[in-house]
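Chains as they are written, first to last, in our numbering: chain W, 1 to 329; chain V, 1 to 329; chain U, 1 to 329; chain D, 1 to 329; chain R, 1 to 329; chain A, 1 to 329.
Simulated from the structure, these hints should not be mistaken for laboratory data.
There may be inaccurate statements among the hints.
[To be verified] For lysine-lysine, the following BS3-like pairs were computed, each having C-alpha atoms within a straight-line distance of at most 25 Å:
(1) LYS272/R with LYS244/R
(2) LYS326/R with LYS58/R
(3) LYS27/U with LYS191/D
(4) LYS207/U with LYS222/U
(5) LYS259/A with LYS244/A
(6) LYS80/A with LYS244/V
(7) LYS259/A with LYS259/V
(8) LYS152/R with LYS244/R
(9) LYS80/U with LYS321/U
(10) LYS272/U with LYS152/U
(11) LYS27/W with LYS191/V
(12) LYS27/D with LYS191/U
(13) LYS312/U with LYS321/A
(14) LYS312/U with LYS244/D
(15) LYS272/V with LYS259/V
(16) LYS207/W with LYS312/V
(17) LYS207/R with LYS80/A
6 protein chains.
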Amino acid sequence: MEHTPSKDILNGNTADVYFMRTLDILKAEGINPVVTMELFPNRHGVLCGVNEALGLLKTVLPASDSEVWALEEGEAMESKEVILRIKAPYQSFALYETALCGMLAHGSGWATAARACVEAAGNIPVISFGARHVHPNVAAIMDYSAIIGGCKACSSILGAVMTQTAPSGTMPHSLILVMGDTVRATIAFDKHIPESIGRVALVDTFKDEAEESLRVAEALGKRLGSIRLDTPAERGGVTVDLVKEVRARLDLAGYNWVKIFVSGGLDVERIKLFISAGAPVDGFGVGSFISGARPIDFTADIHEIDGRPIAKRGRIPGVTKNPRLKRVL
Amino acid sequence: MEHTPSKDILNGNTADVYFMRTLDILKAEGINPVVTMELFPNRHGVLCGVNEALGLLKTVLPASDSEVWALEEGEAMESKEVILRIKAPYQSFALYETALCGMLAHGSGWATAARACVEAAGNIPVISFGARHVHPNVAAIMDYSAIIGGCKACSSILGAVMTQTAPSGTMPHSLILVMGDTVRATIAFDKHIPESIGRVALVDTFKDEAEESLRVAEALGKRLGSIRLDTPAERGGVTVDLVKEVRARLDLAGYNWVKIFVSGGLDVERIKLFISAGAPVDGFGVGSFISGARPIDFTADIHEIDGRPIAKRGRIPGVTKNPRLKRVL
Amino acid sequence: MEHTPSKDILNGNTADVYFMRTLDILKAEGINPVVTMELFPNRHGVLCGVNEALGLLKTVLPASDSEVWALEEGEAMESKEVILRIKAPYQSFALYETALCGMLAHGSGWATAARACVEAAGNIPVISFGARHVHPNVAAIMDYSAIIGGCKACSSILGAVMTQTAPSGTMPHSLILVMGDTVRATIAFDKHIPESIGRVALVDTFKDEAEESLRVAEALGKRLGSIRLDTPAERGGVTVDLVKEVRARLDLAGYNWVKIFVSGGLDVERIKLFISAGAPVDGFGVGSFISGARPIDFTADIHEIDGRPIAKRGRIPGVTKNPRLKRVL
Amino acid sequence: MEHTPSKDILNGNTADVYFMRTLDILKAEGINPVVTMELFPNRHGVLCGVNEALGLLKTVLPASDSEVWALEEGEAMESKEVILRIKAPYQSFALYETALCGMLAHGSGWATAARACVEAAGNIPVISFGARHVHPNVAAIMDYSAIIGGCKACSSILGAVMTQTAPSGTMPHSLILVMGDTVRATIAFDKHIPESIGRVALVDTFKDEAEESLRVAEALGKRLGSIRLDTPAERGGVTVDLVKEVRARLDLAGYNWVKIFVSGGLDVERIKLFISAGAPVDGFGVGSFISGARPIDFTADIHEIDGRPIAKRGRIPGVTKNPRLKRVL
Amino acid sequence: MEHTPSKDILNGNTADVYFMRTLDILKAEGINPVVTMELFPNRHGVLCGVNEALGLLKTVLPASDSEVWALEEGEAMESKEVILRIKAPYQSFALYETALCGMLAHGSGWATAARACVEAAGNIPVISFGARHVHPNVAAIMDYSAIIGGCKACSSILGAVMTQTAPSGTMPHSLILVMGDTVRATIAFDKHIPESIGRVALVDTFKDEAEESLRVAEALGKRLGSIRLDTPAERGGVTVDLVKEVRARLDLAGYNWVKIFVSGGLDVERIKLFISAGAPVDGFGVGSFISGARPIDFTADIHEIDGRPIAKRGRIPGVTKNPRLKRVL
Amino acid sequence: MEHTPSKDILNGNTADVYFMRTLDILKAEGINPVVTMELFPNRHGVLCGVNEALGLLKTVLPASDSEVWALEEGEAMESKEVILRIKAPYQSFALYETALCGMLAHGSGWATAARACVEAAGNIPVISFGARHVHPNVAAIMDYSAIIGGCKACSSILGAVMTQTAPSGTMPHSLILVMGDTVRATIAFDKHIPESIGRVALVDTFKDEAEESLRVAEALGKRLGSIRLDTPAERGGVTVDLVKEVRARLDLAGYNWVKIFVSGGLDVERIKLFISAGAPVDGFGVGSFISGARPIDFTADIHEIDGRPIAKRGRIPGVTKNPRLKRVL
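The task is simple: from the sequences and hints, build the whole structure.
Encoded structure:
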């Protein structure tokens with residue numbers, strides 16, 4: 001998809017104020033050399049946000065005198081590896097260092113956490129459920145990043161639009177509470193929601209999860225796709241044994257087509273635990289482990305000015321070699 | 001200031017898709033009870049984002065049949081303490097649970113981290129420098145939250161606008177690199193930038209910090225406000241002893257009015273180290289410790305429906321007492 | 001109560017064989033001095049088993065030339081503190097060192113573990129439930145020791161007889177499984193079991209604990225004394241929040257007289273957790289933490305022979321002073 | 001050997017009282033289905049006590065309508081592996097769940113600890129010396145379990161009878177103290193004790209162990225089988241170097257046939273230390289590491305009633321497959 | 001006492017070669033400013049070696065134009081505290097920086113370790129026994145430093161001469177081995193060694209320590225001053241209980257005037273253990289804990305040249321204030 | 001080289017006083033058997049000091065009736081391995097046990113630490129710089145030991161003489177401070193110091209290390225051999241990145257022949273860090289890690305007297321086999 005920069009980004013409102021001042025000074029002094037700037041992350045992970053960054057650069061860099069080299073969205077990157085190199089007249093992009101770093105930082109943090117879950121889960125799909133744990137201004141970008149990291153779907157509507165996926169989600173506890181009974185809510189869902197959307201019953205609201213699973217399976221029969229286990233921590237959370245028991249009781253009652261979806265406090269360690277214990281899970285819903293992932297800080301360094309190698313103390317002057325970079329502008 | 005919800009939030013695009021479906025089902029079934037929902041954080045901290053949440057609720061709740069109770073922006077909150085209670089017809093706000101939780105989660109995470117730095121720093125001001133480490137869509141909200149948490153200023157222009165503070169920042173290494181010399185860059189800054197903005201020279205770009213500090217002090221004399229130490233990790237970072245030495249050398253040369261501002265990899269532990277060692281720091285610039293703070297997850301639970309106590313398994317039915325809550329709508 | 005030694009103990013069958021041989025040699029050599037032997041534990045704890053030990057000594061020591069000094073059953077003892085001193089012709093008791101140490105070791109181990117639970121539980125009664133985790137030959141002695149340690153009751157019939165307490169217990173899961181429903185089992189219990197025995201319903205067999213609690217309360221009304229929570233580890237065990245929720249739901253439905261009894265994997269740490277979190281528990285059932293307690297090893301040392309101080313290498317010759325000892329024989 | 005249940009076990013006196021009540025209720029209600037119960041341990045180890053359990057079941061189960069499946073005494077078992085399955089009319093065995101679990105728990109705990117020592121000791125025999133650290137009611141069963149676990153002999157007379165082994169033991173410190181000299185005691189032992197029993201001199205009572213070893217070797221010559229080192233902790237315990245030194249001094253003096261037996265505070269780690277350091281030990285005497293081993297808790301679960309799969313919450317309904325089980329009744 | 005520098009020190013042979021070259025260059029260039037040099041340790045401790053350092057400075061500094069300020073031998077010093085300040089024409093002392101630092105480093109390391117033992121031992125005297133663990137060239141200086149640190153005596157003859165104390169020592173194991181018996185060796189010692197020297201018998205060579213103690217006490221009676229326990233690690237070392245037992249056995253036999261001296265692997269932790277356990281020790285002999293103490297590194301920095309403050313990077317220019325310094329030259 | 005014992009060693013002044021007394025007693029009693037004494041270290045390492053020990057033995061042992069067996073200087077030795085065996089009339093060497101152990105202890109401690117650095121550094125040379133951290137009486141012996149351990153050179157003049165190496169060293173900070181500028185000092189060095197000695201400029205005194213490196217390279221051109229980085233801890237010490245950056249900046253400016261020498265707080269871990277990170281270091285200068293190494297304690301035991309095996313308690317009587325020993329006297 002196309003990432004187009006917002007007005008606030010373009011006019012520099014989201015920038016650190018000192019870049020605005022730097023631009024004022026350089027213009028007043030009439031200084032505008034061709035500068036080579038390199039960006040690198042402070043830890044290894046999955047690169048995400050580079051498409052949005054390129055969208056911004058495309059808009060602001062002059063057609064001539066500009067080169068941009070980058071890794072691709074979703075590629076693995078090493079700590080300190082240069083993943084973006086910009087060579088252009090400095091006044092054209094001085095104002096955007098803050099935004100460029102920020103896009104990469106947040107996106108790569110989310111994609112990296114998602115990738116770790118996806119790898120832990122092996123063949124079992126992981127869905128991003130964390131929209132509720134980040135500000136709505138970035139909820140869709142978080143879900144986009146999670147899908148870049150390998151998630152099969154996400155719960156936010158705008159995230160699904162950005163990634164051209166079907167938004168994923170079952171029903172909230174509130175629907176069941178408001179309707180007063182899990183079976184009643186599931187039947188209403190089945191009645192009013194288009195056929196194309198899977199019937200997934202949430203089974204921990206009122207009754208024992210195993211008992212409720214059997215009740216909804218009996219009510220919907222072959223129309224029931226999955227049940228979702230989301231037992232809260234106050235009740236011990238979803239355990240490996242609970243999944244095995246619900247699977248066994250569903251099978252014993254003949255409902256072997258009903259899948260089991262697990263959510264609630266999942267992280268890489270918990271997913272690994274389910275996998276290594278052989279719990280018959282058909283899907284994992286991961287929330288704040290992905291959405292709350294720490295951004296990966298990026299640094300932007302000048303390495304050449306008008307063709308001369310230069311660097312601040314602590315860095316190596318001159319262009320840093322990285323054969324993985326491809327010219328994109 | 002006024003927080004007005006964006007179009008994407010209002011039309012439900014940033015919501016988890018299952019709330020949209022829930023709304024469809026309830027409308028189809030004609031169910032719309034008055035529901036009491038309570039929100040609480042999963043760990044203690046500083047509440048932030050509640051003003052934005054109230055801005056959204058004001059827009060969507062019906063004038064009658066609605067009550068909202070809340071703690072105030074910036075107040076301390078305990079883990080699991082109810083900080084927002086909404087009593088209203090359920091269809092009016094069902095769609096906004098995702099956004100409400102997200103606003104509180106991100107804002108409170110940032111404000112809590114900022115508060116920890118501010119408390120560690122005692123009387124010495126802390127400035128939020130982390131805009132470059134978050135997506136530009138939330139950079140200003142991050143800086144707003146940092147200031148709610150106690151920071152004296154922030155570096156993003158929009159964050160400064162939101163908080164009606166003067167944006168803070170010195171000069172980037174890139175200005176010095178492009179101009180080729182720290183003294184030259186500082187003189188240009190002094191020449192072109194309004195008097196109202198303090199002259200802060202960044203002194204670790206080309207030469208030894210102590211040597212460069214004396215050079216810029218000699219060049220600007222009484223017009224120099226501060227120097228900023230930002231030594232990179234590759235060179236050992238800013239140490240307690242470096243601050244003491246630069247202070248001593250400045251004083252020995254007669255520049256006792258020049259303040260010392262420290263930045264680079266600061267966190268609560270590092271700030272405490274500077275304070276306990278008696279380093280003569282006049283200001284701390286904190287970046288990713290605040291901007292990369294983990295959001296504080298919030299949970300929204302239904303506790304009453306049409307006046308009857310109810311709750312899902314694991315939660316206590318009925319309204320939760322909290323005398324600190326004040327009615328705000 | 002009176003502890004009388006069994007035939008196997010009296011004829012030396014339970015002794016280490018070398019004591020039998022020692023007796024043979026001493027008799028053959030005609031050696032039988034008056035020996036002072038002292039027993040001490042290798043760690044601090046609660047003394048238990050001394051009454052049984054005295055029962056044995058009373059039976060075997062000659063009326064004249066014998067003195068026995070001891071602490072009392074249930075007293076605290078320090079590591080290495082002499083808690084029993086025997087002065088008598090050596091042939092009369094040489095054969096019983098193994099049995100005397102063993103009675104004290106096992107009994108004191110159990111009583112010490114029980115005391116730790118009782119102290120952690122404060123005012124809330126602790127019941128010994130561990131008979132199933134020790135050999136039936138010592139189940140009653142284990143329960144006796146638990147009560148010496150401070151437990152209010154025990155579950156084994158013979159343990160209750162030994163301690164002249166009412167045996168305590170609710171109903172096993174097997175009764176409910178065999179009868180097919182918790183309510184049905186509880187009603188049958190109420191119908192056939194004497195009035196003097198409290199009605200305690202076990203509520204985690206088939207349905208959600210909170211739901212089942214309300215069902216049995218509705219069925220028995222004021223006749224229901226308590227419910228017991230014994231949720232298995234596979235379902236997350238009994239949590240603090242589960243107790244609070246069941247209490248709240250019972251109270252909300254008007255069953256405030258129904259007490260809550262907790263069991264399942266309890267130890268000192270878990271009991272402290274319930275207490276410190278303010279969980280409304282009315283009784284704790286402790287099993288293998290008490291019954292599986294490590295015995296406290298006792299050592300028996302000779303310190304005088306015919307009035308002369310003596311000791312093996314590593315020990316101090318002569319009688320060890322301990323003003324807490326009282327002469328009992 | 002044959003394990004016959006005691007009267008207290010058979011009449012239910014050692015049972016948890018609620019099984020007695022369960023039996024009363026079921027009889028009153030006329031309920032007696034054929035129930036399949038399975039027993040499994042909560043950790044892996046060596047199964048012991050199953051012969052005694054089968055002895056009890058043989059006595060109480062009806063000839064028809066009963067099946068029992070089990071692993072064999074001494075077999076390794078996994079955590080949660082079903083090691084005993086009983087299918088019979090429930091009233092016939094309801095009363096014995098406590099006793100069955102207790103026999104298995106204590107026996108398997110002891111056998112498992114013994115096995116660990118035996119494996120650590122490699123080819124060097126391990127003797128069970130812990131009778132003095134358990135109640136005399138179970139001392140023989142403890143020694144029986146130790147031998148099932150791999151010990152070559154035990155010190156209690158009754159334990160030796162149960163296992164048809166020769167009871168093992170040297171002489172106590174008390175014999176030496178009463179006789180006043182190690183050499184004198186050893187000569188008396190040699191004079192009065194049958195030839196078939198090995199002469200093992202305990203050498204740490206009065207003098208340096210090396211000096212005493214040479215004295216007893218000189219006194220008994222070829223009649224001396226072994227010396228036993230049992231240095232108390234107050235004197236640093238038996239060290240690897242002490243064993244090597246005593247061996248060297250014995251050999252230097254020509255007593256190379258005298259074996260060295262080590263005891264005192266031995267556990268798996270200490271045995272491994274002696275083995276890995278090449279200490280010339282000819283036998284290990286292990287006491288409280290085996291006798292104080294924590295029982296292995298067993299759980300008994302109903303999985304079928306009259307052929308229908310059933311289970312309490314947290315367990316899987318239906319018979320658990322285990323091809324290692326053999327039908328024994 | 002007077003410390004006079006050796007010829008090798010005075011002619012610069014023990015110096016780092018670059019100081020010799022520095023002197024050559026400065027002489028060739030005719031540069032010889034008055035320089036203020038300060039020395040400080042890199043950790044806190046007890047200052048020792050300063051008298052020897054002053055002896056060297058007295059020899060080499062010119063009478064005029066020189067000032068020396070110092071703390072006193074044996075004073076406590078803080079980490080980084082200036083403990084010696086030299087102001088003199090630089091050529092006069094440039095060559096001795098290596099030697100001055102070295103004298104202070106080794107001496108202060110030993111004195112600091114000794115002080116820690118002395119403080120742990122409270123009223124009980126500590127003797128320095130470590131001469132055998134350092135090169136004989138510094139054995140006497142090590143013992144001198146130990147006495148500055150608080151030891152009451154030392155074992156090396158030259159160390160005793162330097163400190164004007166009586167050299168301390170009992171007898172080596174070799175005397176006893178060569179004479180074949182502890183009692184015989186002790187009697188020979190008593191016969192040939194002057195009355196003024198205490199009779200201390202070493203009692204762990206051939207026999208059990210308690211037995212040997214009684215034998216030498218019987219042989220020398222009131223002439224025996226002490227016994228020394230030095231049990232090797234192979235036999236478990238000297239334990240608290242061994243000291244208590246030997247004391248008890250000596251007292252029981254009427255030899256209450258005989259003192260107990262402990263040595264062998266002592267360090268601060270072991271001394272504290274003896275003290276806190278109330279072991280009746282009358283003296284501690286400490287070897288490699290003192291003699292093997294890590295030297296305390298000292299740094300020598302120039303802070304003024306011809307009255308102008310100066311310092312290398314990382315240090316503060318100008319004289320460092322320390323009111324504890326006293327002018328000594 | 002020849003190690004000849006000093007007068008103080010020969011006349012016994014550095015001995016523990018009890019050896020002097022032992023000699024007095026043995027002479028008075030006329031006892032002088034041929035004794036076999038063995039020395040072994042208490043931990044593994046590199047043997048050093050044995051040549052000096054042999055020098056002493058050669059001087060004192062009688063020509064006949066004496067044998068000495070030893071490992072060679074610089075050989076690896078195991079913990080408790082006999083590395084020196086002396087068989088001679090006891091009076092001839094009784095007085096020297098203290099000195100012999102001390103020579104081996106200190107020397108082997110230093111050589112062992114040096115070997116560890118040398119092994120960590122691989123092909124890169126290590127220079128001993130620690131003379132300033134030990135007493136000048138042993139500075140040369142420390143440097144000798146470091147070279148036995150594998151160092152390529154040392155800084156003390158006398159150490160270089162002992163090892164027939166060229167003393168190594170650059171220039172001290174004090175030369176630069178006194179001359180006021182690094183370039184001026186380096187030029188003076190180049191002017192006055194013989195051609196045969198390498199020009200190594202110390203570059204952290206006044207200016208940024210990278211800047212200063214370029215200045216001295218420009219001043220001396222091809223005559224400059226190396227620069228030395230010795231950044232103090234107050235400025236973050238020498239980091240891997242600093243070395244890489246200085247290398248890159250030197251190369252970029254065309255000074256690729258200039259080597260980089262690193263010093264300051266180096267130990268095995270730091271050296272490994274530089275090596276594993278690929279820092280382009282050409283030499284390591286190690287100070288207190290080598291010079292402050294703990295001496296390796298040696299024990300001297302008598303194992304034979306006049307051909308009869310003997311030993312004190314805790315040791316094995318008779319000569320200990322060690323085929324690695326070679327007869328040297």
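Practice problem: Quick one: which hint numbers does this structure break? Sort them smallest to largest. | Solution: 6, 7, 13
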